[in-house]
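Listed in order, the protein sequences are those of chains A and B.
According to this note's numbering, the first sequence is numbered sequentially starting from 435.
According to this note's numbering, the second sequence is numbered sequentially starting from 266.
If you're looking for bench data, these hints aren't it; they were derived computationally from the structure.
Certain hints may be false.
[Stated by the list, open to error] Across the chosen pairs, the derived CB separations fall in these ranges:
#1 A664(B) to R548(A): 34 to 42 Å
#2 N642(A) to P841(B): 24 to 32 Å
#3 S824(B) to K546(A): 31 to 39 Å
#4 G646(B) to P604(A): 39 to 47 Å
Note that the Cβ used here is the ideal one computed from N, Cα and C, for glycine as well.
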Amino acid sequence: VTRFSSLGRDGPRLSPDDFAALRDLFTERLGIAFGAESRFALERRLRERVVALNLGSFAEYCDFLRHARAADPEWDEAVDLCTTNETYFFREDYQLRSFAAEVLPALALLSKGRKRLSIWSAGCSTGEEVFTIAILVQRSGQFDDFDVRVFGSDISKRCVAAARRGVYPPAAFRATPPDVKRDFFVEKPDGFHVVERIRAMCQFGQMNLLDAERVRLVGRADAIFCRNVLIYFGPQARKQTIDRFHERLYPGGVLLLGHSESLLNVTTAFELLHLKEDLAYRKPLGASRGSRSE
Amino acid sequence: MSGPAAAIAQQLVVDDAETRRLAAKGLAGLDANEAPGLLLKALADTDWRVRKEAASAAPRVGRRVEVVAALVSALHERDDIGLRNAAVEALVAIGDDAVEPTIAALRALDADGRKLGVEVLAGVVGARSVAALCLALDDDDANVRVAAAEGLGRATDAGGPSRDAAIRALVTALGGADDYVKLGALDALNRLEASLPWSVCEPLASHPLLRRHAMAILARSGEPGAVAALARSVADPSATVAREAVVALGDTIEQKSDDAELMGVARDTLRPSQVAQERVRAFAHREDDPKARGAALAALGLVQDPDDVPLLVEALGDDEVAERAELGLQLYGESAVGPLLDASRTAPPPARSASISIAPMLSPGGDRDVVEALRAALTDGSPDVASAALSSLGRAGEAADLPRVARFVKSSDARVAHAAGEAVVALAERHAGPARGMMTALDPSGDDAIVGSYLLRAVGDRGRSEDMAFLRAALAHGDARARREAATTLGALGGDSAANAVTLALTDEERDVVLAAMRALARMGLEEETLAGVIPGLLDHEAWEVRRLAAELLGRSSSPEAIERLRARLRVEPEPMVRAVLGAWVGTDE
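Isolated chain A, as found in the complex:
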């Protein structure tokens, strides 16, 4: 009887206490901070996992995530269910225009000695942003003899797998200029396929941005896109993540955040980069690799 006491007519219920425990777990492991309004959304999304694991309650589910040997794959499941993956090509186009017109020329100058351009899309979801960046880099014509690498990472295995497929439905092109769609995608029965020359510039991996060691695998980057990811993070996770971005960027490298995100009250290690249509953050040219200042 006890085992199923929290099972309602539609399955297990997420009590306020269990929600608090679950929320803290997500914050600790993934940096994601759910607000109180997320309780019923979490209950709805994770209920199937409680049932699938044959657990009696969300409290048991918390214990499972915290202690079970099989918790790693379950975290993948939970992440997939609880994170928002909806995105599309050329999202926040005003920022991308600034990136193409102002940031890329600056990066071409900055990296011309090493002839290598490295851009990281942190929290790339299903890959639209990564391919968008690669298209912009190629259209710019400034990196034709460069070794260009656009790396997309996401915590969700499912998203990374989708990104690697590189096949998208028409809805993903709501903001894509027609000529771009024509030049960089091939329509097939299962959707629009990213053309090979763009795919060859891109690579994907699974990564928790709070995992400092794993983040080091990315190497040094000329630009980092992390758009609409930090809004889900608590203050501490946000700061840790920004510090790691700072460490990964070359001096002069640029950090681009979502339109509702800023580094206000997070760090002063970056300098503001005033673009014509947007604001971005730049690691000062004189900064050493790991230096940070508050």
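Once you have looked at the hints, place chain B on chain A.
Just chain B now, with coordinates in the frame of chain A:
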């Protein structure tokens, strides 16, 4: 008498044998004037268990010099055989300290005693004891000489010079008049794996008593006369001699199969002898004697009767003798190809796959029938046969076989897929032009990514942008196998661009891709600093195989920082396989 000694003395005379055994056990560590006498008393006990216990306690009894002297004096004992034998056992257990006193006593001992002394020296192998044993080969007593010869069979443990000295002495003994000494010397020379010239062996090969034991010596001689004698001995009227001759001939074939002169001598001796051939065939059927059977199968390769090929093919399916059967078939040369091709279609799977593997080796000119048979075997229902056909096609196929074998790289059977990949690489290495032509039609994001990665492993060039673009696109493929092979090929091509791409592959969610990327980075010989920057991030990877390889790679750097990282990981690592590697690098047994 001291307290402990008195107690042991008291217990050694009670009726209960178990009490006496425990008393003998108590001699270990006893350091008293009475210790030698008590040890001898225990060694003379009527119960063998007490004697055994005392002999094993001897090395730990105090007053070593007196103890050894007492034990050596026991070798003079004529009546109590139990004591004498136990004294030998105790002296051997004591080891080096017993050698000189035993050698010194030899002059004063009677023949039985000297034989026991020789047994002690044979049990404590060292330069001094080997030298003494060599001298004992000239003892007046035949039993002492035989014991010395047998003892010298262990001289290898005393080091190279002692072994050489022992061989010289034993060879001299072979020239003596005493057959039993010669027998002992032959056994010893066999144990020493001595190679003797044919001139030394020749008299032994026809000796009625010794020839059976001489066969192995003949095999090591490596001279035509010895090989001919071996081949002749296959027809010896004695079944035992014939068996030893076949076994020795098999060893010779295995070791000298590429020596045309020796194989010619063996062949020319065997072929004219119907008796020898029938003997070989009979042994080739002896399933109860795999050693002789394997040797006979190899020897059939010298006889080269086409009727014997099916027997060899059948034996390919028997793990115990398959290697020797393969050796025999190789000696047949091209004349075995036809029967092998027949077997590749009709024999059971193990023999089919072996036939398909061997046939191309016997037909180096690229026999069209062989290649066609290999192609046909690609569709064999057995993965073992299909894998063997792919491997053989890789070696013997033509450019046209590239697309044929490429179809199998995505096989659901890992063995077939791997063999196909290796075959693609082998064919592409020999047919670079057609491989390049094939590349132009491949789509790195589609089903061709794996094939392309294999082709580029053979013909890729890191300076060609299209090669790198292909591999980098394959590194973003949805199929983990494509990503794995792309990482491996990038590792083979090397270069900064490849290293960057492969480093990012370390974030792949699939274990096999991460492992391939790690191996690729290691293969590229990245600087220690680079590896130290990325590998620690994998020490807590969810897959223990990745953690183990990370520990291995990091440990090789041997930097203090790396060792400290490994030490920290060892404190929390749950997987024994990983702990073993971590423990090895940080220098603990954990």
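Tested hints:
1. A664(B) to R548(A): 34 to 42 Å: holds (40 Å)
2. N642(A) to P841(B): 24 to 32 Å: The hint (24 to 32 Å, Cβ to Cβ) holds, given that N642(A) and P841(B) are roughly 27 Å apart.
3. S824(B) to K546(A): 31 to 39 Å: holds (34 Å)
4. G646(B) to P604(A): 39 to 47 Å: The hint (39 to 47 Å, Cβ to Cβ) holds, given that G646(B) and P604(A) are roughly 45 Å apart.
Of the numbered hints listed earlier, not one is contradicted by the structure.
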